[in-house]
Amino acid sequence: MALTLCGRARRLVSATSIYNHGCLQRLQQTGSDRFQLGEAKAIRLLPRRTNMVQELGSREEFMQENIDTETSYDFLDEMRQRFLKFKRQKYLPQIEKFQALAIAQSPKVMVIGCADSRVCPSYVLGFQPGEAFTIRNVANLITPIQNGPTETNSALEFAVTTLQVENIIVMGHSNCGGIAALMNHQNHLEQPSSLVERWVMNGKAAKLRTQEVSSHLSFDEQCRNCEKESIKDSVMNLITYPWIRDRVKRGEVKIHGCYYNLSDCSLEKWRLSSDKNSNEFYVSNREIWS
Amino acid sequence: MAPTFGKCFRFCCANTSPGEEDEMATESYEAAIKGLNDLLSKKTDLGNVAAEKIKVLTQELKELDASNNDAVERIKSGFTHFKTEKYLKNDALFSDLAKGQSPKFLVFACSDSRVCPSHILNFQPGEAFVVRNIANMVPPFDQKRHSGVGAAVEYAVVHLKVENIVVIGHSCCGGIKGLMSIEDDAAPTQSDFIENWVKIGAQARNKIKEENQDLSYDDQCNKCEKEAVNVSLGNLLSYPFVRAAVVKNTLAIRGAHYDFVKGTFDLWELDFKTTPAYEFS
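Protein sequences, first through last, are from chains A and B.
Note that full-length UniProt numbering numbers the first sequence so that position 231 is 231, with each residue one more than the last.
Note that full-length UniProt numbering numbers the second sequence so that position 59 is 59, with each residue one more than the last.
No lab work stands behind these hints, which were simulated from the structure alone.
These numbers were taken from a predicted model, which means no experiment stands behind them.
Do not take every clue at face value.
No more than 20 Å apart at the CA atoms, straight line, and that leaves these computed lysine to aspartate or glutamate pairs for DMTMM-like [stated by the list, open to error]:
no.	chain 1	residue 1	chain 2	residue 2
1	B	144	A	287
2	A	108	B	73
3	B	83	A	287
Let's have the full structure, built from the sequences with the hints guiding it.
Below is the structure:
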C-alpha cells in the first residue's frame, strides 16, 4: 500500500517533515495504509483524533485538501507576524510597564463600545494596554437591571465594584449595523426570529422616540438619530444599577457618552451630571471634536 | 467687601465651560452671592468666616474640575492623535470603511484592559469584528438567554460572512480566577451577575479540578484559561449557522492564549469535519 501511494504520500510526508517531526512518527505508527491529511499545522496543537481514516478520493479532491492546508499555513504565519510585530514594537520596548501590568491592572476608564470592526475604542480613543476596561457588543447596548443578567452587566459589575474604575464611557457610532437592523425591524408584536433582532430590540425605546420626531427624514438620517438616542438610553440604563447610581451621586464615578461619526471623523461627547439634592440626571459639557 | 466676593466667584465660574444647564447654574449661584452679600452687609463680623469657607469651596471646585477633565483630556488627546496620524493619512481606507465593513475575523477577547486585540494582533480598522466580555466566554446557542453574544455571532457569520473566528484567552484572567474559586455548582452566588456569567465555563473548571489536583492554584488557573477557551469553541459549534459554515469550509474556528507574563501567544485549531463514508457490504 505504501508503495502504490508513494507518489502522493511523498508530498505529504515532505510537508510534515518540515513542520513537525513528531507528526511524521505518528504517521508511521498508525500503519502504512492509514494517514491523516492536513496534519502539518505547527505550533502547540491539541491532540488530534487518531482513528480517522481519510480516503484519498480523486486527485482533484486531494489537491483541494492540500490547498486548504496551504491557506492555513498562511493564516498561522499571518498571526505570527502580527503578534511578533506587537511584541517587537510595543511589548519589549515597554517591558517594565507590561511586567507591572502582569501583576495587576488598574484602569481608570471603562468603555462600552460596539463590536463593529471600524470603531475599536483603543484605536479611536487612543487607549494603551492597561488604561481601559473594554466591553464590546452589538450596538453598544446596555440593558437595565430589570432585564436580568447579561454579559454586559457582569462586566459592569466587575469594573465598577472590583476594579473601581472612575469613568464610564458609552461610545456609539454612525453607520451602525445593529441600529439599522433595529430601525428596519417591523412587527414588534411577534418574537423576533433572529438573535440579532432579539438583541437590538433592547433599543426599542430609542427607536420609538426617533420615529416620533424624525419620521419625515430619510432612513439613514433616522438611523443617525436613533444611534444617538440609543447612547442616551444606555447611559440611563447604567443608572438603574444601584452600585453605579450610588457612586455617581457620590462623585466617585463619572459617566460620559460619545458618538463617533465615521464619515467625517468627528466625536461628540457629553457628560451625565447629577444634582446632589434631587434624583435628576442631565446632560452637560457637550463638545464636538472634529 | 461685596465687590471682592463678587470677583472671587467670577474666577470660579470661569473654569467651567459654558453650556445650556450651566447658565441655569450661573443664575442660581448669583442669587446665592446676592443672598450672602445681603447678610454680610448687615453682619460685617461674619466676613472672615465667610472668606475662609469660600477659599475651601474654591479649592474643592477646582479639584472637581481637574479630576473630571483627566479622562476627557485623555480621550481628547487620544482622538486627536488618531485623527491626525491615522485617519487623515489613510483617506482611501477610511472613506471605504465609511460605506461598509467586511472584516475577515470575528474575535472574542476578554474585557481586561491589558489584552486589546487591536494591540496584540495589530488589527487595523475594518479587519476584525471584536466582542469583549469577561473571560472571553461564548455561551451555547440559546434562543432566550445570552442574546448579546448570540447576536454578535449571528451578525458576524451570517451577515458579515467572516472567515475566521478566534477566541483569545489570557494569563491572569480575573474572570477565570472567579470561576475557579466558586466552591461548587450549588453554592449561593456571591455577586449578582459575575458568577452567573463565568459559570458558562463550569465544565472547564470541573475538568481542571479533577485532573490537576496536585497543581497550585495559579497553575490550575492557567490551565483553566486554556480549557475555558476550548469550552467556548465547543459552544460556538452549537450555533447552527456556525456549524453549517464550518462544514462548508467557509469558516475556521481557532483558540488562542495570550500570556503577557511570558510574552507568548499560543494558537490552535478546532477541527470539525466528516469524512466520506465507508461502505461495508
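Do the hints match the structure? See the list:
A distance of roughly 39 Å separates the Cα atoms of residue 144 of chain B and residue 287 of chain A; the hinted pair therefore is violated under the 20 Å criterion. Proximity of residue 108 of chain A to residue 73 of chain B is assessed by CA-CA distance (about 13 Å); at most 20 Å being required, the pair is judged to hold. With a C-alpha separation of about 16 Å, the suggested pairing of residue 83 of chain B with residue 287 of chain A holds against the 20 Å cut-off.
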